[in-house]
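**Student:** Just need the whole structure built from these sequences, with the hints factored in.
Residue numbers (my numbering), protein chains in the order written: chain V, 1 to 393; chain S, 1001 to 1393.
Quick caveat, the hints were computed from the structure, so don't treat them as lab data.
One thing to keep in mind: the hints can contain errors.
Stated by the list, open to error - Using 35 angstroms as the maximum straight-line C-alpha spacing, the simulated DSBU-like pairs for lysine-lysine come out as follows:
#	chain 1	residue 1	chain 2	residue 2
1	V	Lys-235	V	Lys-224
2	S	Lys-1235	S	Lys-1224
3	V	Lys-189	S	Lys-1387
4	S	Lys-1387	V	Lys-387
To be verified - Label-pair distances were calculated between CB atoms; the ranges are:
#	chain 1	residue 1	chain 2	residue 2	range
5	S	Pro-1353	V	Asp-323	51 to 59 angstroms
6	V	Thr-266	S	Gly-1214	29 to 37 angstroms
7	S	Thr-1291	V	Thr-291	39 to 47 angstroms
What you are looking at is a predicted structure, and each value in this text was computed from that prediction instead of being measured.
Every residue, glycine too, gets a C-beta built ideally from N, C-alpha and C.
Here is what each chain is made of, one letter per residue.
Protein chains: 2
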Amino acid sequence: MAKQHLEPTDPAATAGSPQAPCVTGGDALASYLRAQATEFLRALRLHRETGAGAHVTGTQGAAARGTGAHAAPDGAAPDGPVDAARALRRAARRLSGTLHTFQPLLDTEWAESMRPELAWLSGTLALEHAYASRLERLLQALHRLSGTALLPSQQQAGRTTPTVSAPLAPTATRPSPTDRGSLTVGAAKAGALLDRQLTLARTRAHSTALQALGSSRFHAVADKVALLASEVPLKDTTVSTTDLRPLAAAARDRLTDAVAALPLVTAGNPYNAQALIHGLSPDPAPHPQDTQWHQVRLLLRLHRYALEVLSGGYADETDGGTDVRLLAAGEALDRHRDASEAAAAAAQAARTPRIAPATAYALGVLHADQRHEVEAARYAFQHSWRKEPIRLP
Amino acid sequence: MAKQHLEPTDPAATAGSPQAPCVTGGDALASYLRAQATEFLRALRLHRETGAGAHVTGTQGAAARGTGAHAAPDGAAPDGPVDAARALRRAARRLSGTLHTFQPLLDTEWAESMRPELAWLSGTLALEHAYASRLERLLQALHRLSGTALLPSQQQAGRTTPTVSAPLAPTATRPSPTDRGSLTVGAAKAGALLDRQLTLARTRAHSTALQALGSSRFHAVADKVALLASEVPLKDTTVSTTDLRPLAAAARDRLTDAVAALPLVTAGNPYNAQALIHGLSPDPAPHPQDTQWHQVRLLLRLHRYALEVLSGGYADETDGGTDVRLLAAGEALDRHRDASEAAAAAAQAARTPRIAPATAYALGVLHADQRHEVEAARYAFQHSWRKEPIRLP
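**Tutor:** What follows is the structure, given as structure tokens:
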């Protein structure tokens, strides 16, 4: 299958003549979908080959930490299944998002049956990673707040579940076991509590993901993706020359409309203290003010995928097909989401019955710290966004 | 006594010819000291006339709140003694600072005996106000974090102990008694705990201040200030024409040197997360990183007072004699000090034995919130400072 490296045309051309001769027709859409389907199948094969068993590091690590020993990683390359699961999620997200944006050009029944299945799959696969990186974020924050280095147990957690955005350097100095002593009691207990709760959640998510990958529901999805890799069910034969840009522009407009509704002036004013404004409200749910930012994050992703379809780029996030500033804005929104969920996890842990006041105090500091991370991420987003004359498809 | 509204001369004149004909000689120093001494005596008289008894609102307020009733203020104008005490502190600070900066021009023995007494007095008088405004800051933060309005008790506290920088509007809507119910249990308990602890500290500080004002030590200071109001003990007769600017420039240089040692690049980078970096360290003392900022605050005040001496302005902080941007920088450093001490008070309260976890959690959130206020104040300071080509005497 040939890659098509089509550069997006001049924005003015789109605005002035939407029916202009088409350089980014339905063929580009079909090519992108086939490529993502192929990537999905490749990742699935890799996942099966590296073995899902090596993936259960969450449980083993927790057991090892419980006895004070630090288990060596399995004989299998530890990142194999992690990378494979990540690639699988990545392809599923792109397929699902592309089906959403360009649905009018695709066989309606097929697209409508396919999208929820892909969303289910990427959502199920994402949970384990989310719990692991949330724990890592919180433990790192606790240690920053305590002025100490990482504990060995966190280093292990970091090694077996690296996050994409902030991987732990494998060359980081390994702290001595006595470092735990330099933590205050509250911070150490808070860390242990979060470790327990989030490792449990992660282990459960891992089991759920394994069950999902063995289910007949998953096999049905995989079969459909395998068909997609060879033939894309376009709506009709005219689609191969249909201009994709109006649909991509609609995705972009949904993004810019949602961004316009964000409180960007406030976000651009440092230390506006908005993110923590309900830090002590009785509502255990994530802050309602976060929702519109989470929504923009999803719309930004759809916009990026649409640009990938138009530019023919479909594999590497860092290639020239996607604007660097758009990536920066997306990373700020990822950080916003991660900090928002980490803050909620700290608040949730503080509701554990019978914890010591010092533990609760540390969790309060941690919650506020993560809410300020939320505020910082909003500041970073508006900074990236304002620098960017958003790229038109 | 005639005010001298001398504008500071061109900075280049000072730098180029320090022995230039003197428009700001020792006479200006004597005039400023006499004026501040007169202001000191006026404030002392006002304090005695309005009656120190009305000043004990801390104790009365706490008792009234304890029974759920909200006592009306005393028949006496409630702000009389507060204003008088503030004016007394203000004059004592200016006398002490001016003696420090211009000591080489003054009778050595007199100045050396006078300064520690003035510092003792202004320090002793400042404590009650500091506890009151710290409590108000913390309760306001708790209510901001809970998304609720002020409680009646805080409104009363705000009315009887207004802060200069952020007075509570007397027209603020009085919340209904049920507002306490909208607070989370933790925030309400944390507020009650802080109220108890800081009101007790304030009451003790008030007693100490009253004892100080009745002591023979104070009467000795007051006698010396009364003498100063009529005759300033200059070193010798040549001082009346000695150029004050080199000594003022030395005060300015001490300030600029101290500012140069501050981490202003970091402070100018929003959300640098430096202020909370030891938020969970076991050290109960104020963060060591704050010390150099507190020192700059004191040096900035000495610089401002020296400018007041040179410009002949000595009464109103908002007159043209002091640069507005210098005031903004000073207010940022006041906010830095206040937030730093409020954060320490929240951390201290969290060490109270047998508090509920929810209380400790709220205090943790509050501590982190105030440490971010510290960071915000540093950002504001560097912003004010960089805008300012510091005014040379």
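**Student:** Looking at the structure, which of the earlier hints fail to hold?
**Tutor:** Hints 3, 6 are the ones this structure does not satisfy, whereas the remaining hints hold.
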